[in-house]
Every structure is written in structure tokens, then in C-alpha cells.
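Below are the chains, spelled out letter by letter.
8 protein chains.
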Amino acid sequence: MNPLSQILQDVQSGKCDLPAAQKRIENLMFADLGHTKADLNRRERTGAGEVVFGQGKSAEQCAEIAKAILTRESGVLITRLSPDKAEKVKAAFPDAFYDELSQIMRIGREREKIENSHIAIVTAGTSDMKAAREAELTANFLGSRTKIYPDCGVAGLHRLASQIEEIRKAGVVIAVAGMEGALASVLAGMLKVPVIALPTSVGYGASFGGLAALLSMINSCANGVSVVNIDNGFGAAYNAHLINSKK
Amino acid sequence: MNPLSQILQDVQSGKCDLPAAQKRIENLMFADLGHTKADLNRRERTGAGEVVFGQGKSAEQCAEIAKAILTRESGVLITRLSPDKAEKVKAAFPDAFYDELSQIMRIGREREKIENSHIAIVTAGTSDMKAAREAELTANFLGSRTKIYPDCGVAGLHRLASQIEEIRKAGVVIAVAGMEGALASVLAGMLKVPVIALPTSVGYGASFGGLAALLSMINSCANGVSVVNIDNGFGAAYNAHLINSKK
Amino acid sequence: MNPLSQILQDVQSGKCDLPAAQKRIENLMFADLGHTKADLNRRERTGAGEVVFGQGKSAEQCAEIAKAILTRESGVLITRLSPDKAEKVKAAFPDAFYDELSQIMRIGREREKIENSHIAIVTAGTSDMKAAREAELTANFLGSRTKIYPDCGVAGLHRLASQIEEIRKAGVVIAVAGMEGALASVLAGMLKVPVIALPTSVGYGASFGGLAALLSMINSCANGVSVVNIDNGFGAAYNAHLINSKK
Amino acid sequence: MNPLSQILQDVQSGKCDLPAAQKRIENLMFADLGHTKADLNRRERTGAGEVVFGQGKSAEQCAEIAKAILTRESGVLITRLSPDKAEKVKAAFPDAFYDELSQIMRIGREREKIENSHIAIVTAGTSDMKAAREAELTANFLGSRTKIYPDCGVAGLHRLASQIEEIRKAGVVIAVAGMEGALASVLAGMLKVPVIALPTSVGYGASFGGLAALLSMINSCANGVSVVNIDNGFGAAYNAHLINSKK
Amino acid sequence: MNPLSQILQDVQSGKCDLPAAQKRIENLMFADLGHTKADLNRRERTGAGEVVFGQGKSAEQCAEIAKAILTRESGVLITRLSPDKAEKVKAAFPDAFYDELSQIMRIGREREKIENSHIAIVTAGTSDMKAAREAELTANFLGSRTKIYPDCGVAGLHRLASQIEEIRKAGVVIAVAGMEGALASVLAGMLKVPVIALPTSVGYGASFGGLAALLSMINSCANGVSVVNIDNGFGAAYNAHLINSKK
Amino acid sequence: MNPLSQILQDVQSGKCDLPAAQKRIENLMFADLGHTKADLNRRERTGAGEVVFGQGKSAEQCAEIAKAILTRESGVLITRLSPDKAEKVKAAFPDAFYDELSQIMRIGREREKIENSHIAIVTAGTSDMKAAREAELTANFLGSRTKIYPDCGVAGLHRLASQIEEIRKAGVVIAVAGMEGALASVLAGMLKVPVIALPTSVGYGASFGGLAALLSMINSCANGVSVVNIDNGFGAAYNAHLINSKK
Amino acid sequence: MNPLSQILQDVQSGKCDLPAAQKRIENLMFADLGHTKADLNRRERTGAGEVVFGQGKSAEQCAEIAKAILTRESGVLITRLSPDKAEKVKAAFPDAFYDELSQIMRIGREREKIENSHIAIVTAGTSDMKAAREAELTANFLGSRTKIYPDCGVAGLHRLASQIEEIRKAGVVIAVAGMEGALASVLAGMLKVPVIALPTSVGYGASFGGLAALLSMINSCANGVSVVNIDNGFGAAYNAHLINSKK
Amino acid sequence: MNPLSQILQDVQSGKCDLPAAQKRIENLMFADLGHTKADLNRRERTGAGEVVFGQGKSAEQCAEIAKAILTRESGVLITRLSPDKAEKVKAAFPDAFYDELSQIMRIGREREKIENSHIAIVTAGTSDMKAAREAELTANFLGSRTKIYPDCGVAGLHRLASQIEEIRKAGVVIAVAGMEGALASVLAGMLKVPVIALPTSVGYGASFGGLAALLSMINSCANGVSVVNIDNGFGAAYNAHLINSKK
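First to last, the sequence lines map onto chains A, B, C, D, E, F, G and H.
Take 1 as the starting number for the first sequence in my numbering and just add one per residue.
Take 1 as the starting number for the second sequence in my numbering and just add one per residue.
Take 1 as the starting number for the third sequence in my numbering and just add one per residue.
Take 1 as the starting number for the fourth sequence in my numbering and just add one per residue.
Take 1 as the starting number for the fifth sequence in my numbering and just add one per residue.
Take 1 as the starting number for the sixth sequence in my numbering and just add one per residue.
Take 1 as the starting number for the seventh sequence in my numbering and just add one per residue.
Take 1 as the starting number for the eighth sequence in my numbering and just add one per residue.
Only chain A is shown next, with the shape it has when bound in the complex (with noise of 0.2 Å):
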């Protein structure tokens, strides 16, 4: 049983006065640290547990709430964490894993990965790279197998066309690209999944630390294209997570 209806259901039985009823629900649903509030229902409530979002917390807070969740949970992500804070970080979870490519940092274990479907992460060009890690990391940690297809972008389409067959099997894909970011378009073009289209501040000039790839994204002339903001590699692998575990 649902630990709320539990809660809601002491209350009309009388096992549980309104005050206290208060409280039992509070507890189940999240730890106050003053700081912060760490969520320890949205699993419940979302699908996926608590990840932290590493910039603008210190190493201390980092660690208080990564403590916290793993109360619940069996593993925990911190990204947007700078190497030197990931450093004060470790000395708390020696074991802890960190990418510092991507900047981010995984306590405990990955999720039990799903079988018959995964995420391809398809890079236009050699500098995407680091949101793309951020992206399979992420969805690696919540469950999903994922394959990344670097450096095919569309100013060498036969790049792409080589690979094209395979990544026709992923259950979503993620098109990772800064500059005008055609290849959100393009990839949808080509496909019968869901392209979650991933903006990248690679670039220069009137790229404007990647709005041009994103209103380039947003308006694809292609069916099936959705966008998350720029370089945000987690948000597209958690999308893409969701719809990769959908049954």
C-alpha cells in the first residue's frame, strides 16, 4: 500500500490526529537540511529519484543532501560539479565515480537498465561531447542503455547515412548540436522516434552561447523534434528516459 493513502487512511479510521497526520506525510516526503528540502518521494511521485544540481551549492551542501537521499535510495547523481568541489566530495564517498569531462558525480549504484530499447546520442560535432557525456551518464544512472554516435553533423551528410541504420533501432534519440543545429532536423527527418533536441553552446560569433541553435531547433521544419535548453544534457537524458521506459 501507498504509504500516503496509509497516512490518509489512519486519519479516518481516528488511529491518527490531523497534526501528527501532517507531519507523517511530511517526513515521508522530504528531509530539511535549513538549505534545502531533498525530495525523497519523487521517485514516487515522478519516476526517477533525486539528482542534485551541483552549481551554487558547496561541497559540504552537496554531500548533506547526497547523505540524505541515499537514506532511500541506492544511488545518487550530483552534476554541474566543478573538480574541485567533486575532490571534498569523494573524501565523504571514496567510492563514488566522477566524469570530469561532464562534471558530474555518481554515489552508489546505477538503476537495473531496461532491455529492449535504449537512447542514441548523436553528436554533430567533436565539441558536443560534453553534453552528450552528460547525457549518457544521466541515463545511464536512471536506467537506460544508451549508444553515442560522435561527429555527424550536416556539413558531411554521409557521416551520418553510414550510421543511420543503426540508429534507427534506438527508442528515442537525443541530437546533440551547437552552430545552427540542423541536425535535429534532419535526424527527424529519418526516423520513427522521438528526437529530443539538445542545444549546444559550441560556437561562435552570432551563436550567442547556443541561441542560435535552439530557436533553430524549435522551429525544425521536421516532425517529432522537442527541445530542452541549452547544454542541458541532463534534462535531455531524463526526457529521453522517461520515453525509453515507457511500456
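Simulated from the structure, these hints should not be mistaken for lab results.
Keep in mind that the hints are not guaranteed to be accurate.
To be verified - No more than 20 Å apart at the CA atoms, straight line, and that leaves these computed lysine to aspartate or glutamate pairs for DMTMM-like:
1. Lys15(B) <-> Asp10(H)
2. Lys130(E) <-> Asp84(E)
3. Lys192(G) <-> Glu73(F)
4. Lys130(E) <-> Glu100(E)
5. Lys192(E) <-> Glu112(H)
These figures come from a predicted structure and were not determined experimentally.
Given chain A's structure and the hints, the job is docking chains B, C, D, E, F, G and H onto it.
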């Protein structure tokens, strides 16, 4: 056997010379109408038949394209078709269905509906209904069942709260909102399924024709949100259907 | 009697000639320090004493201005004062209080606190704390009691829900949020008091240094929201205090 | 006793089972009109009854919503109602009052006016009158007295100076200005009360439909200014009324 | 001998005094019509005769300028000439050719066509035809042969693939596309000739009247792309002709 | 003696009590027409009489304001007055002069013209004439002589070159240009007098209603350029007149 | 006699052949240093000698250009010269004057000062001093006397009021302000002389590096304001000097 | 015979089965280095060998890609290679040439130069030299001769005038300018050849990193201008070379 593989085999076996093979492949793929190359194998390639974007095309062009598609498909959808153009197209297809609010015409049959999953379309306000209806008719045409939950904006969260349990049962959710577009974040924080955020141009002043809502949705602090273009009900539904039809 | 009226009366009665009157009025109003005209009758005129905006001023200038103000007020606040400049100012005012997170220094006493009403400061995430603290210290200095409710973002509404009853008791609420800024709308939809929306530059990608949050808040679909500049905790608190001190 | 508390008590005492309780709570809170969920307990929750935003709704929908609200309130306001729609709504409510300049309709009674405090509405130019009138009628409806000070722009400060003593007596001030929007800063530098800045789309060239005024007001160098959306007289008045009615 | 050199020689030889020389040079160069200085030696200077930009000029002014140019050239082109103005101009030039789609009028003869090279004009969709036609008529007038390849957008790359071999034979290519403008990058990745990218205002939502396409094209990851203004078919053709006529 | 000094002296000498003095000063300064406070001492204060900005005011309001000003001035100018409103105002002032191109009306006399210096108004193209004319009529009204040099855009520099010697004789130059606005830089590089850059909304595509020209002019690499708002011929002329009338 | 006229006369009289004449004209006009063409007749042409923009040039280049100019002028100004580059340039010109706040170096003498008129430089806040100083040193170099009025922002108008009578005596006024830039409008409403608005990048949040101030100033509701680029103290002073030196 | 045709013929003749054919085609086209798919037949396809964009790639990756390309080409260019990475790459290629100003490295030989035509590179100011040099080295590598004309900005047109006759002899011109970018328009108005406009990020204040120059160039009133990305010297040169090598 896939018709393209057949042709390639015929090349290999000598049944077909190279120029003839090229011609056969082209005929398989699109009908050249002069002004338009109607895409006849889009269902083969992308899982959904050709849909006609009516804006910027004459009534005559729309009708011609529809005819070409109907040689291969049992139905065709024309979006952004103004009432006066719709009237002219109806002359050629008297049984066509036309919805004035969303300016969509359907000629022929909708697809068989997917059984075990449906799409929830949640709108922030009454004025978002136009985009929501475009999404609904598109999804129905492609083969997904839908349910619209109108007027659930975050200014009165109890309206949303009263229906959230039902919304949770959908396989994918479309969040339709103008103004500040907060609905997508609030929904994604409560759900285990992907949320397609559909910003609308509803609003005034510094809403900049939907840009404020789009930016808000792209920056969603909740996980599981991806975004389509402003007022692009068709695109939202197309994505949602791809997800909804995943097995 | 108001000192300005006194001077005008002296003009009328002939006690004071015109050039002398002008001089007296000026002395009443500001201290000319060469680089700065410290505003000495701001409390008279606007209800709150002069607060020094430290950014772009040298430590020496800050100290000099503070001294001029302290001839008339029992305390002075310096905002946006970097730690290295703070150290130098402290040499002149050893009893000064300095908060490193918000980079605010207070020299001398806070005002008497208003009794029957207080300000609630609600933040969306841990990283919004810097702006929230600036608001808190400013409001306290001006004479308002405050309570901070951290990490109540809309991605997990239950965290907000558990505290909303308490928040309702405030006389005015400051909603602090970066990213999509939806917190202001959600709060305003639940409250009978004015909500001051304080957008922060927390975020990345298409958040454009807080612009996305600002636009979202300006377009709020809920009634009762007004907005101050990005990261302007001081301004939010000043407004909130004016409201909180209304009788 | 608060009706919601009553229902919760009934659940606890067993008088009411859970599905029935949910239904009762919903009925208490909004009227589901199909296209719209009219918010019936907004006054309870936010201190002011439902006001209908007429733009994007048909005359029929406006009338229906008004009727639903009038079952609970003694008056209702419809904003952004074009003259032709107003005529149709008047057919259903012959006693309704309609103001063509601000395109506001009031059906039924205004609230009792607050006695000890009022709202000053100061405009920069004659062309800002439309937004000022929207603010005035809204504030009056909600229960605040108002006084408009037209044409006090900063290009001729003596016009403002001649009235500033009177303006000082207001409990809150709305500064209405297009073009460069400097009026808000100038007012805030002279007053002890909060200034709600209302940018208007008056202007041309690089005023970008009011954006220049909005940016100017958000960046005000004077303390005590907060900002609402461009031309949003309703929002300015709503905020001002919340402040004006504070005790 | 170049007429300008003649005049300078006459100055040197004493045949012509300075004021007279100045007058002769001016007469050589433009016709002063009061409202306009028709540029009569543009062909001399820039390789192409004067073309009249009709927008913002009256029908009378257009006709007068055309007459002045025809004293020196065998033909003249008027672009952006609305149908009603076209009618009036035709009264003066009954043999003029007018194309309603592109709103271009040609009076007199096209130039001799360049033999060994032509311009390919590739459009992404049917709605891009207006700009493509402006380009076609301009290029033809200036002396280049053209071929249009309509509806080759990247959402269905097979349509482009089937024609790429033929497109390769052009001396220069104009890529006409709205929405995300990806066509230019894809073409440039396949071709040995310069690609002039012509963004169009076709699209909706966040396409911002063609800005998204323009930014996308300016950021092209493929080499060999340069960009002209939105919907500027004339400019694209003028550039293409300069390249096409290079020997 | 200055009337204000007189009043102050009367206060000092006891001839006039304070409330009476305030009233006298106000009467001296503006006429309160209810909707408008007509600024009667603007000439005193700023060197030029009141000019009425007609946009957003009714014909009746314009006429009323004109009447109030004519009690003190021998002429008045109304700018941005549409033809239909102009007709109505003319009913009250049959001798008024109205120019349809620039939509300016002058009632009464122009000022005496300044003798030793004049204003040159140089336009880039025929379509910039509307703004140029607004500038011309304004400058003439205020008392400056003007000469317009039409169609001198940088695409054919010889047209400008032929007139530059004459332009050099002006006391100040207004450069009127849309599109890329390069004219201002080119002029300033050749002249010893201030150049007022007047961007116009002439153009299309990425000219964004004159913003491209404005940015170009603000970034001028030549010294001696300052900029007024897009299409603001009045403002350009007002500035130019202030400079031209400097002794 | 003007040296250019001399050369032309020599051509006419046969004293000088055409290639020699061209060479002589070029030598007259600039010194070709390879990297730079130092403009030697700018004073002749534009009324003010060459000033070197130091940003983006090496110390060596700056020194070389200065030397070339000093062959013709008695002084030269280098703007935007960082302290480390200044040190190197000083090695070549030990008597040079360098101001660290504004990063300006002057080598050689200032011009004779104009007697009967001066420039007032009014700043909104202490932090605007950097741009004000750049303006002051530039104007002094070019030959205008200046007086700075610091810290007169509109948040405390009495500070401005106390000095307005003195400011009125200037021949031209520079208004230096960041944030909302309202100072320019307020000043122009009180003065009979031209106001050069100089927006600064002082501010934070939505001030966008001075853009908010620039837009505000461009949209000024007061007459007599023209605008230069953000932080462009040099440009403001150059314009002001041209006006101030008008006879 | 074209190697691809050979493979297809081998398929037809039975010499090669399908999987083998696919492999052979891929090997022909790119080298898969894991992180990068080096494009080996770009010269075949687009007329110019692969050039490596160094930004965002490690020194090791750059060296590896260079090696792969050198198996097929006699030279390779690496752009945007910072000095520290350049040092590392030089360890592997001791004969490489590196230019610090433009951050370009060339390994191996430049192509044979085209004889009858060259590229003129005209810059507005000394600070535009960095982009100009990137263009020069790129064009030389691809096989075009170049000549740079530095410091010809429109603020002193005589500097440009003295060289225009020589510039006219080029086959194509690159106009390099920051600030207001007027140089491109002025050049195009004087030339018979295509002008590639290369905006640079030189400037400050409202130049927005080159955006003002880009907009100005896109809106050029002169014919024959097309634009590449800000600071994209490589792209400008690539386009120019394609044109210059046209026969």
C-alpha cells in the same frame, strides 16, 4: 520485403539498370507536383503519414497535395487552413471534416486508436484552447486517444489538484500555456510521464508573442519537460503520439 | 516643526535672506563629499535612511559616506561590498557587522522592529539564498522582521504546501526564484497579501542571466505580483518594508 | 467556521467518505463551465473576488462566467472587453457599466471603500490615460478610493512639483508612463510610500511597445519601485489595492 | 576612352575649367529628379545597371526614375512594386512585364544570357517560392540563366538527394529557406560552388519573421555559405549573378 | 524682470502670502486642461515654445491645447497628426498649415529666422523623406533655415561627393537614413560640424523597424555623431535648432 | 591657401602631372604606417585633430601613431589605454600625462581654451565618474573648459535642484547616467541648451551593460536630447566640443 | 574513373557484395577516429580539403585528425588553435607554421596559386587585423593570392579613395569591419565584384560583440554584399576562394 531492398536486389541481380533503379526509387518516395514534392514514404520512414501545412499554400495546391497523398494513405490532415481556403478544398472533398477554432481539416479516416495509453492535454486558460484543439485533432488523426483538461492555470492550483489523479493515468502530457508558462513545471513536478510544453501566444505586454512562455518552459526547474514552438499544437501532438505509440 | 518649513518662515519673516536660505536648505539635505552628495534627509522624504550601494565605489568612499550619514542616523547599511573592501571599511568601523554570502555590511544599529506584521521570504532553490539574504538583512535594518522559507520551488510543490499556512500570516511575501520563476505565480494564487517577485540570475543556457525569470514574473497569470530587478534583494526588501510598515 | 475545515472535520468524524469530500471541496472552489473553471473561492484565498480577463474569450463565455461568479459575489469586473463584445454582454446584464477608453465592464456593485487611505495614479502624458483608467476602475471595484494626476511627465517637472504635496497623502502610488518611464524614479525619490510602476506602450521608434519603459523602471535608481507588465493597469491596481487595504 | 578620364584630361589640357568639369562629371553620373538622384553610371562602376526599389516610392516616382534610367539602359527592373502601383506604372510603359507573386516589374529587355554557367535556386518549401521568384527574375534580368528546385527541405532529404547531381552543375547556388534554415548547411556540405543563403520570413511562433533562419544560416557549420537579408531575393540574385558572370 | 523672481520678491516683501504665491507660480507655468497640463513657460525654461505631440490625443484635445498655448505664443506646432484629425483641428484654425507627408500642422507664425547659420538635412534615399520633412518643418518653426539634400546614400558616394562642399557650409547636419545607416559615419568623417543621426524605419527583413540603423549610428566609428530615436524627425530638428541658434 | 587647392591648381597649370598629384594629395592626408593610416588632415576636415583609440592596438603601435601625428599637431590624445600599455608608451614620451581612472593619455599640449562658453558634465552617481572623466579630459584637450557636477541622480532631485542655476550657464550639457538613465530627460526639461546623453554600463540585472539606459535616453520625453554609445565619454565630449566651439 | 562509380559498378558486375561495398564506400569517405570522423573526401565533394576547427578540441585530437587528413592531402590547416595547444601540436609536426595573431597553424604545403585573379581584404581599422589575417592565411592555403588593405574605415574616406583603383582589380573583396560596419556598403557601391562582408567583434558599448556590424551589413543598401558570421575570417576566405577559383 521492403520495396527499396527489392530495387537494390534487382540492381545486384541485373534485373534493373542504374538509371531505371534511380527512377523507381524516386517514384517510391515522392510525387513531384511542380510546386511541391509530396512525401509518400514518410510513414515508412518516420512512422506517420504526410500532414500538409496549409499556411502559405493556395487552396488549389492543398487539394492537389491531398490527392497525391490519398493514393497511398487512407486519410490526410491539413493544418493552418483558413476558413475561406477550407471552403474551396471542401469542394473537392465534400466529406472532409473542418474545425474552425483550430483551422484543421481532415480528409478521409483517422487511424486505428492505440489501446493501452492516451495523451492528456492540460491548458492554463480558456484562451489556450485553440492550440489545444490543434493538438487534439492531430493526435486523434495519428492514432492516439486524448483528453483535454481546460483552464488549470497555476493562479488557482486547486483546479489542477482536483484532476491530477486522473491526469497521472495518461502516457504522456501536453502542457498548454501562455503568459508565464508555469504550468509545465508544476505538472512535471507531479508526474512520472514526459511533459511536452506547448507555449502559446496568449498574453500581452512583455509576453512578446509567446516568447516569455517559451523561455520559461525551456528553463523549467522540473525534470521531464521538453518544448515545441509557440502555438505549435501540431508539433506537440506529433511528439506526444510518437511517445504514446511506443511499445 | 519641519526644518524646511522653519527656513521658509524665516524667509517670509525676513530673518533670513535668500542666499542664506538656499545654503541652509542644502545643508539640511545632503553632505557634499566631492565625489558624492550623501543624501541626509532621505528618511524625512522617503521614510528610510540612506543606504550605500557599494559597487563601483572605493572602500575609502564608502567609509566617508557612512561617516556623513552617521552624523544623522544611528545606523547605515552598505550593500554589494566585496570582502576585500569590507575589510578596509571595518578598519574604520571595528564594530560593523559583515555578511559574506550577501556582501552586506551594517554599521551601527538596526531600527526598532515593527510589531504586528512581518515579511516572508520564500526561495525556489538553495542557490537563490544569496539574494534572499540580501533581502533579509535589508528588511531587518529598515525595521521589519523576516522569516526565510528556503528551497520551496514548484518542481516539488509539497515542500511549499507544507508551509503555506505559516506563510499566509506574513504581511507581505518576497518570492525569490531563478530559472523559470514560476514560484511567484504559484504563491500569489494562494495568498491575500502582495507578492514582490525577485528574479535571480541562477540558471544557465537560455536563462540569460535571469531575464527568463524576470519575463516570467512580469507575465504572471496570478494577481498581486510586482517585480524588481534581477538579484535586487535590496530593492525587494525596501518595497516589502514600505508595505509592511503601512498602518 | 471555514467551509473547508468543516469538510475536513466531517471526514475525520466519519460524516463524509473520501470521494464525497473531494466532490464537496471541488464544488466549493470552482464552477466547471466546460471551457472555464470559474474560481469561486478566490476572495477567500487571495482577498479579492474573481475578475474576468475578456481578451480571447467570446462574449458568450464572458457572460456565462460572470453569471457563475455572481452566484457568490455582488459584483464582477470584465477587463479587455472590446466594444462589440461589450454590447453583447450588456444584453444579458442591462445594468452593467462599460467604459470605452479602458474597455472595462463592471456588473453589479463595487465594494465598500476603504476609509483611511487611497491610491494616487500619476501619469506622464495624456496618452497614458487608457492604462490609468483601467487601474482606476479596477481599484474602485476592489474597494479602494483613487485620484488621478494626469500629464505630470518629467519633461516639465514643475507640473509634478505643484502636486507632490497632495500625492504624498496617498497610501500607495501608481506611476503610469511610456517612452523612457522616468516618472517612477522621480516619484519614488520624493515619497515614503510604495510606487507601483506601470509601463505603457505609448511611444514609437525604439520604445519597442513599452519595453524601454519597462527596462527603465526595473532599473530604477530610486528605492521603493516595483513593476508590473506593460499596459497592465489591472495588475497595477490589484497590487495597489492589496497594499492600500493593509491594516 | 572612359568619359571620366576624358574630362580629367580636358582639365589638364585647359580645355575645361574646374566648375565646368565638375558639372560634366555630375551629368555623367546621375540624373537629379528632385526626390531621387538616379544612378546612371552604376553599370560602369558596379557591373549592373540601376534597379529601382519600389517600396516607399510612389508610382509616379517609380515611372520617372525608370524613364531616366532608360535613357542609358535598354531595360530596368522595379522590385517590391505592389499590384496597385504596378497598374499605374504600366499606364506609362504598356509593354512592361509584371509578376504578381514576386511583385517585380521589368520594363524593356533582359540582358544577353551568360552561356557557360547558371544559377540553381533551391527552396525548402512551397511557401518559399515568393523569394525564389524574386531571385529568378532578378538574375534573368541581369543576364544569368536560372533553374528553380522547389520543396527540397531537409525534413525529407531524399527529395534533395534525387536532384543533387543536377544541382552540382550550377555555377552558384541560392538556398531559400525559412523556419530553421538548415537547407543551406546541407547543400554547402555537398557542393563545390558558393552557396548564397536566403532566409525567408516563412514560419511562425519563435521564427521571429525569419530571424531564426538568418541566425541558423550565419552559424552554418558547413563551409561556403554567405547570407543576405531576410526575403531579399533581389540581393541573393545580385550576388549570385556577380559570381556567375565571373570569368 | 523674470515673472518668477517677481513673485519670490513679493513673498519676501510680504506682498504675497505663501498659498497665493504658489497659485501665481502655477498659473505662470501651465494651463490645467484636465486631460493635459499645457506647458506655458517652456520657452522661458528650455528656449523653445511648447510643441504638441498629436499621437494618442483626440482632435479636440489637440485644439484645446493649441488654444491655451496661443494665449502666450504666436504659433504652435502639432506633430504626428493624422489627416482625419488634422481636418477636425482645421475647423477651429482655418489658417493652419498642414503637411500630409510628415503629418505636421502649424498654427500661427514661424519664428524669426536665425541669419548666420542653417541646418543641412541629408537623406540616404527617397523613402527617408517623411522623417526629413518632419525635421524641416520643425526647424523652420523654431527659427532655423534648412536645406534638404535628398537621396545621397552611400551605395553611390558620387551623389554625396557632388554636394559635400555645399553641405560643409551648414552650422549643423542631420543625417537621415534607414537600412544600415552608414550615411552618418561617412558625413561625420567629412565635416567640422555636429551630425545629428536620425535613423528611420525604412527597410525590411532584419532591419527590425530601424533598430539596425540605430545601432549602426550609435556605434559610428566617426567622431561627432549623436543619435535620436527612430523616425524622430522632430527630435533631430529640435536638437539641431538648439545648436544652430547657439551664439 | 588650402594645400589641396594648391595641388589642384598645380595640375591645372601643368606644374604637376597626375600621378605626382595623387601622391602629394595622399601625403597630405595620412601617414601610412603599415598597420595604420594615421589621419593627418582630420583637423582640416573635421575641426579636431586625430585622437588614437588605444583599445586593440599594441603599445608600440600607439607610440608610432602618436609620433606621426605629432609631426603635424602640438598634442595627441590616446584613449582606452590600459595602465600596462601606458607605462610602455610613457617610455617614449616621458612628459605624457596619464589618468588611470579614465585610462586616457595626453602627449603634448591641450588646445587654447574657448572663452565665452563651457561644457557642464552632470553625473547620476559616483560610479559614473569614469565616463565623466573621459569626457572631461577629451573636451579639455580639444579646447573646451568643463565643470563636473557629480552624483545628481533623480532619486534625490534636491541635489540637482541646488545646482541647476549654475548648470544653466553652460553652452552644452553632458548627462552621464547608468541604470534607468532618467537624468537626461530631467535635465533637458530644465535647460535651453543641447543635452548629450551618455549612457554608462553602471548597474546590474536587467540593465544589460547599459542598454536599458541607452533605450531610456533614446526615448526621452523631453526635447533636446541626443545620445552617444554606452560609456563613450570620448564621443560625448567630441560632440559637446563641436557645439561649444560654434560661433 | 571516380572511385564511388567504381564501387557501384563492382556491385553491378558482382565483383563486390553489398556489405563489402558499404565498407569500401565508408573507407573512401572518412576516417573514424572515435571522437571524430575526419572527412577525407571533402575536396572531392566540395572543392576544398578538410580544415580542422581547433576550438573545443584537445591538442591530441587536433594532431590525430591532421595525421588522418595528411594520408590524403599534402597540407592541412588548423584554425582557432590557442598558442599552448599549438606548441603541443608542433611537437608532432615540427615543420608546421603557426601565426599567433590569427591562431592558425598550417601543416604541409599550401595549394598551387590561382593565376589570373586574387582576393582583396580591406579592413576598417587596425584592430580588425586579427580576422583579416585568418582570412588571408585560409585563402592562401586553399590556393588564392591575397592582398590586405588595412585601416580604410569610412571615418576617413580619403584613405580608401587612394587605393580603390587597385582594389578594383581583385576578383572578389572581403570587407572586414566592426563598430557600425559601413565599409561593406561603401565598397560594394564602388565595385563590380562580389563583396563578402566580415563583421568583427571590435567595438564596445552597444556593439554587442559584433551584432551591430552584422545587422548593418545584412541591411546594406548597396548591391553585391553577402555576410558571414562575426570574426569568421575562415568562412569569409572560404567563400572568397570558391568565387575566386571560378572559371
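Contradicted hints - numbers only: The structure conflicts with no hint, since it agrees with every one listed earlier.
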